[in-house]
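Colleague: Start from the sequences, fold in the hints, and give me the full structure.
Each protein sequence line maps, in turn, to chains A and L. Here the first sequence stands for residues 1 to 60, where the numbers follow my numbering. Here the second sequence stands for residues 1 to 259, where the numbers follow my numbering.
Incorrect hints may appear among the rest.
[Stated by the list, open to error] Stretches of chain L that chain A covers, calculated by requiring three or more beta carbons in the stretch to come under 8 Å of a beta carbon on chain A:
no.	segment
1	65–71
2	126–133
[What the hints assert, rightly or not] Pairwise CB distance ranges (calculated):
no.	chain 1	residue 1	chain 2	residue 2	range
3	A	Asn39	L	Phe57	25 to 33 Å
4	L	Trp136	A	Phe33	19 to 27 Å
5	A	Gly2	L	Leu159	41 to 49 Å
6	L	Val179	A	Val36	29 to 37 Å
7	L	Leu159	A	Ile11	41 to 49 Å
8	A	Ile11	L	Leu147	30 to 38 Å
9	L	Val138	A	Leu18	18 to 26 Å
10	A	Ala32	L	Asp140	24 to 32 Å
11	A	Tyr52	L	Ser49	38 to 46 Å
12	L	Ala23	A	Ala9	49 to 57 Å
13	A	Ile7	L	Asp164	49 to 57 Å
Hints were generated in silico from the structure; no laboratory data involved. Keep in mind that this is a model prediction, so the values were computed, not measured. The C-beta atom is built at its ideal place from N, Cα and C for all residues, glycine as well.
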Amino acid sequence: MGQFESIQALIDMGGHGLYVWLSYGIGLAVIAFNVVSANSANKKAEERAKKYIRRQELEG
Amino acid sequence: MSLSETSAPGWKARFKRWFHSWASPKWFYEKSARWLPWLSIPAVLLILSGLVWGLFFAPQDYQQGNSFRIFYLHVPAAFLSQSIFMMMAIAGAINLIWRIKLADMAAKHCAPIGASFAILALATGAIWGKPTWGAWWVWDARLTAMLILLFLYLGVIALYSAIDNRETAGRSTAILSLVGLVNIPIIKYSVDWWNTLHQPATFTLTEKPAMPFEMWFPALLVVLGFYLFFTWMLFKRMRAEVVEREFKAKWLQKELTQK
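Modeller: Here it is as structure tokens:
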């Protein structure tokens with residue numbers, strides 16, 4: 001596909017395969033880290049808030 | 001209470017009220033819910049299309065071969081890590097001068113996102129350096145200054161968590177960010193001021209790039225995608241911060257229980 005005649009050529013990247021795929025792997029990891037940590041921050045905050053609200057309702 | 005507020009509400013007082021309401025956490029929380037998909041969907045599309053183009057369709061470099069494809073991650077990450085640092089410092093300054101909570105929150109959450117992009121820029125740069133220069137790392141001006149940028153980011157994060165009082169933490173890290181701001185022009189001009197191994201700029205946002213369209217355009221897509229992605233992540237984290245700070249407020253409790 002594109003510049004590469006075969007999947008093998010794509011993986012090999014003319015000898016630079018390790019460098020290119022390692023870099024893109026790190027790129028994916030950085031993006032994933034950002035998404036996961038933002039989501040978990042939101043979840044944690046909402047759970048804390050909801051716990052407080054429930055306690056308020058119980059205490060009346 | 002300033003002099004302008006003791007008299008009848010003239011335009012100064014009304015402007016101040018508008019300015020401060022615009023910067024209220026409640027306003028931000030309610031509005032940002034609708035903005036998020038406008039950030040996330042274009043971000044994903046731009047990043048994916050840029051990287052797919054760069055990985056599979058862009059021509060290889062006649063000198064560097066396919067290792068050049070690292071360019072499509074390395075340059076956008078470097079741009080973003082520097083831009084985010086500037087935004088963090090500006091938001092910090094706004095907090096220092098006008099005590100706007102939202103700016104304080106924005107500055108706080110710029111740091112981890114910016115640090116992750118700095119790590120990406122440094123890691124992809126080192127990996128790219130090996131086949132290109134034969135070395136994972138050299139202490140040339142640009143690389144060293146970028147490493148210092150990462151240390152500044154980590155310093156901001158560490159300083160914030162070390163201080164118990166939220167307002168003091170915000171102000172201290174704002175000062176650190178502003179002091180560190182001098183590093184940004186150093187990074188930018190390092191390749192002009194010093195004899196560096198790192199090449200001079202071939203891709204800037206202000207001049208025509210020294211490479212064909214099929215090579216630079218995907219990088220532009222990734223840069224734009226990364227900016228949108230950063231904004232998306234920043235707003236998500238800021239929303240979490242608003243909940244952390246304001247969960248006792250009635251308006252927020254209503255929002256949360258309505259979900």
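Colleague: Hints first: check each against the structure and report whether it holds.
Modeller: Results for each hint:
1. 65–71: Held - the segment 65–71 of chain L has 5 residues with a Cβ nearer than 8 Å to chain A, which meets the minimum of three.
2. 126–133: holds (count 4)
3. Asn39/A with Phe57/L: 25 to 33 Å: 32 Å, holds
4. Trp136/L with Phe33/A: 19 to 27 Å: At roughly 22 Å between Cβ atoms, Phe33/A and Trp136/L fall inside 19 to 27 Å, so the hint holds.
5. Gly2/A with Leu159/L: 41 to 49 Å: 46 Å, holds
6. Val179/L with Val36/A: 29 to 37 Å: Check passed, 31 Å falls within 29 to 37 Å.
7. Leu159/L with Ile11/A: 41 to 49 Å: 44 Å, holds
8. Ile11/A with Leu147/L: 30 to 38 Å: 31 Å, holds
9. Val138/L with Leu18/A: 18 to 26 Å: Cβ of Val138/L to Cβ of Leu18/A: about 20 Å, so the range 18 to 26 Å holds.
10. Ala32/A with Asp140/L: 24 to 32 Å: 31 Å, holds
11. Tyr52/A with Ser49/L: 38 to 46 Å: Taking Cβ atoms as reference, Tyr52/A and Ser49/L lie about 43 Å apart, which means the hint holds.
12. Ala23/L with Ala9/A: 49 to 57 Å: Since Ala23/L and Ala9/A have Cβ atoms about 54 Å apart, the given range 49 to 57 Å holds.
13. Ile7/A with Asp164/L: 49 to 57 Å: 55 Å, holds
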